[in-house]
Amino acid sequence: MRGIVGLITMAMVALLLRSTALSTLAAKGLVLDVLAFATVVWAFRAGETWGSSFGFVIGLAADLDAAHWLGRHALLLSLMGYAVGRLSRTLVRDSARTQFVIILLATLVHQLWSAAFEFSGLAGWPYLALRVVVASAATAAAGTVLLGIVRRVLGQPLFGHAVLKSNTSS
Amino acid sequence: MGGFLPPAERRSSALLGLYAALSLVLLMTGERIPQSWLRAGGAFVFAPFDRVVLTADRVAAAWRDNQQLQQHLAELEVENERLRVAGVENQRLRQQLALPTLHGYALKPVEVLALSGEAVPAAATLSAGTHQGVREGDAVVTAEGLLGRVGESYSGMSRVVLLTDLNSAVACEVESTGVLGVLRFSMAPRPRLVLTGVPLADTVRVGQQVITSGLSRRYPRGLPVGRVVRLAKDPSGLVQDIEVDAAARLSRVRQAFVIARPPALEDHP
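Chains A and B, in that order, give the protein sequences. Take the first sequence: its letter number 131 is residue 131 in this note's numbering, and every next letter is one higher. Take the second sequence: its letter number 54 is residue 54 in this note's numbering, and every next letter is one higher.
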């Protein structure tokens with residue numbers, strides 16, 4: 001029950017951020033991919049089962065919000081949640097470098113997937129490519145800094161030991 | 001194959017399979033599912049939270065806006081007086097030429113609760129809906145210019161299809177020359193508003209203002225849309241490629257005004 005409440009709360013916070021503060025930044029050309037970031041964090045924290053569930057829920061909500069193909073974000077984010085959750089067992093999840101690389105890769109994949117649906121001809125690919133690269137780098141940098149700040153404020157590791165945690169969560 | 005995996009992993013794999021299958025089914029059949037009521041539910045749930053998140057930002061912005069508005073008000077008072085005189089003269093001249101009288105717009109103030117869309121916002125959620133008299137098809141403007149058109153209206157809120165939606169089309173004219181075209185949003189080679197369908201023979205200059213023409217009967221005539229910022233020849237060689245900078249700033253939109261859609265042609269005698 002606690003997991004479901006946490007999942008819904010984090011999904012709502014991410015979607016609110018996406019439709020308010022981050023949409024203003026996106027209009028200025030800087031996309032911070034909060035969907036990919038939140039999915040990675042949740043999969044790190046709770047393993048592949050909750051990671052894929054979180055990805056599916058937040059992806060479906062984002063699909064409904066943007067009024068485009070239903071399932072577009074849901075499919076990729078649920079797969080991403082599962083993959084990151086599985087991968088996190090073998091990673092030092094509290095390492096800033098690990099977080100940076102995983103968030104960077106997750107955002108890159110998600111942005112490439114989104115861009116594939118917007119691709120409308122060769123003339124537009126430089127803009128889409130630039131957006132994908134900038135979004136990946138910006139989200140990875142901002143996400144890693146945010147996780148570092150939260151870790152400092154809490155005074156303890158955010159994700160705990162990988163193997164022990166994944167056994168209890170899945 | 002699942003039998004080789006521990007039960008917990010089997011469960012998570014099965015769950016992932018279910019999510020993937022559901023997503024694929026939605027991707028293939030989503031167009032046929034009525035999504036309007038689902039989005040209405042989502043908007044209803046998120047609207048109170050959107051208001052809370054935006055309140056802090058708006059309190060800070062209100063003080064700054066107030067100072068700017070005071071100055072703007074003084075300038076407008078002076079301009080208004082000049083326009084009033086011109087308006088009386090215009091009415092008299094139109095009567096002499098037997099042209100129909102122009103009517104003003106009734107502006108309904110609303111709050112923009114949220115913007116949604118990939119990279120460039122394509123839709124906005126407004127704080128007013130059918131209960132406040134906002135109907136589908138109503139035009140939405142800011143103090144600077146046209147924002148879009150109400151696409152869906154619920155009881156207490158509504159969704160606006162912005163100019164930056166790929167399916168948006170606005171019948172426009174270039175002010176002062178009357179050159180007609182249709183404003184569309186294009187993603188290639190970069191996100192931009194383009195005035196389409198303008199023949200090469202028509203003269204358009206950078207800096208000219210683009211306003212709604214009213215020819216589509218979707219928007220009232222004379223709403224500012226933007227300014228011409230770049231001119232080129234379309235790859236087809238038949239028409240001009242006219243890039244327009246929108247008058248309304250999507251990244252700063254907080255308040256907007258709803259204008260009732262023009263009456264249908266059949267309503268006129």
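It is worth saying that the hints were derived from the structure and are not from the lab. We put the beta carbon where it would ideally sit given N, CA and C, even for glycine. Hints may contain errors.
[As the list claims (entries may be wrong)] Derived Cβ-Cβ restraints for the label pairs, each shown as a range:
id	chain 1	residue 1	chain 2	residue 2	range
1	A	Thr24	B	Ala74	14 to 22 Å
2	A	Pro126	B	Glu31	46 to 54 Å
3	A	Thr24	B	Val85	49 to 57 Å
4	B	Ser236	A	Thr24	48 to 56 Å
5	A	Leu146	B	Ala62	39 to 47 Å
6	A	Leu146	B	Gly222	42 to 50 Å
7	A	Val145	B	Gln209	39 to 47 Å
8	B	Gly133	A	Arg97	54 to 62 Å
9	A	Ala141	B	Glu79	44 to 52 Å
10	A	Thr24	B	Glu79	38 to 46 Å
11	A	Trp125	B	Arg221	37 to 45 Å
12	B	Glu79	A	Pro126	18 to 26 Å
13	B	Val204	A	Ala123	52 to 60 Å
[Said to hold, decoys possible] The calculated EDC-like cross-link candidates involving lysine to aspartate or glutamate, where the alpha carbons are at most 16 Å apart (straight line), are:
id	chain 1	residue 1	chain 2	residue 2
14	B	Lys108	B	Glu89
15	B	Lys108	B	Glu79
16	A	Lys28	B	Asp202
17	B	Lys108	B	Glu118
18	A	Lys28	B	Glu118
Results for each hint:
1. A:Thr24 <-> B:Ala74: 14 to 22 Å: violated (29 Å)
2. A:Pro126 <-> B:Glu31: 46 to 54 Å: Given range 46 to 54 Å: violated, Cβ gap about 30 Å.
3. A:Thr24 <-> B:Val85: 49 to 57 Å: violated (41 Å)
4. B:Ser236 <-> A:Thr24: 48 to 56 Å: This hint is violated: roughly 36 Å between Cβ atoms.
5. A:Leu146 <-> B:Ala62: 39 to 47 Å: violated (28 Å)
6. A:Leu146 <-> B:Gly222: 42 to 50 Å: holds (47 Å)
7. A:Val145 <-> B:Gln209: 39 to 47 Å: Given range 39 to 47 Å: holds, Cβ gap about 43 Å.
8. B:Gly133 <-> A:Arg97: 54 to 62 Å: holds (56 Å)
9. A:Ala141 <-> B:Glu79: 44 to 52 Å: The hinted range 44 to 52 Å holds for alanine 141 (chain A) and glutamate 79 (chain B), with Cβ atoms some 47 Å apart.
10. A:Thr24 <-> B:Glu79: 38 to 46 Å: Cβ of threonine 24 (chain A) to Cβ of glutamate 79 (chain B): about 30 Å, so the range 38 to 46 Å is violated.
11. A:Trp125 <-> B:Arg221: 37 to 45 Å: For arginine 221 (chain B) against tryptophan 125 (chain A), whose Cβ atoms are near 38 Å apart, the range 37 to 45 Å holds.
12. B:Glu79 <-> A:Pro126: 18 to 26 Å: violated (43 Å)
13. B:Val204 <-> A:Ala123: 52 to 60 Å: Violated, since valine 204 (chain B) and alanine 123 (chain A) (Cβ atoms, about 22 Å apart) do not stay within the stated range.
14. B:Lys108 <-> B:Glu89: violated (28 Å)
15. B:Lys108 <-> B:Glu79: violated (22 Å)
16. A:Lys28 <-> B:Asp202: Not satisfied, since the Cα-Cα distance of roughly 33 Å exceeds 16 Å.
17. B:Lys108 <-> B:Glu118: The hint is violated at about 28 Å.
18. A:Lys28 <-> B:Glu118: holds (12 Å)
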